[in-house]
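Order-wise, the sequence lines are chains W and G.
With my numbering as the guide, the letters of the first sequence map in order to residues 6 to 117.
With my numbering as the guide, the letters of the second sequence map in order to residues 231 to 346.
There could be a bad hint or two in this list.
[Stated by the list, open to error] Derived, one-sided and incomplete: chain G residues facing chain W with beta-carbon distance under 7 Å: (1) L256; (2) V292; (3) N332.
[Claimed, not checked] The following residues of chain W were derived to be distant from chain G, with all beta-carbon distances above 10 Å: (4) N27; (5) T29; (6) S48; (7) E50; (8) G59; (9) R109.
Read the hints as simulated data drawn from the structure, not as lab findings.
Glycine included, each C-beta is placed from N, C-alpha and C at the ideal position.
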Amino acid sequence: QKEVEQNSGPLSVPEGAIASLNCTYSDRGSQSFFWYRQYSGKSPELIMFIYSNGDKEDGRFTAQLNKASQYVSLLIRDSQPSDSATYLCAVNLRGGSYIPTFGRGTSLIVHP
Amino acid sequence: GAVVSQHPSRVICKSGTSVKIECRSLDFQATTMFWYRQFPKQSLMLMATSNEGSKATYEQGVEKDKFLINHASLTLSTLTVTSAHPEDSSFYICSAPPTGVNQPQHFGDGTRLSIL
């Protein structure tokens, strides 16, 4: 079992819809969780991070964390074509260390 | 926030060439830097952690003699791909480590390396 798993997609949604991206992780002791957006040929940029169970909202983005089920998700409301990118989930798996492990990313396509 | 500058952004060279990639912290001092490699449609894979003034820590399976890492100052870390071959073609990204367990990393812009 991979440490951080994401469906590679592509996930295709129409403009204005809600895009839901999911990530599961293997280490129950994981402490912090990050969502990065990566455009083709570019380095990742931070969207959100979360470390407490529940929801965290920032504009059109909502991160959801469920430690009991070991999953973290990212919801994008009112999806725009400019949201089309690969979304990477990163999890701090190693207790006490600051080196997150990345999932392979989910490709999101928002079509007009 | 922390700014990380990475150069060059793109390198195309012949097989057998050695290529150096620089990663600079512009507004902070970094005692460590992370180096990642990313193949198309794959995840970021941590290659090594550079440590200022001491040897780098390599991840399992990464050839130390192939990927030379130097962290000579608190603002500069370099990755040299020695005698590069086509299979070394990839996207290489450096990042400054988080300042705390719940803090994000700060990535450089990445280097696209293409070996002919």
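Cross-check of the supplied hints:
no. : hint : verdict
1   : L256 : 15 Å, violated
2   : V292 : 14 Å, violated
3   : N332 : 5 Å, holds
4   : N27  : 15 Å, holds
5   : T29  : 14 Å, holds
6   : S48  : 4 Å, violated
7   : E50  : 8 Å, violated
8   : G59  : 15 Å, holds
9   : R109 : 4 Å, violated
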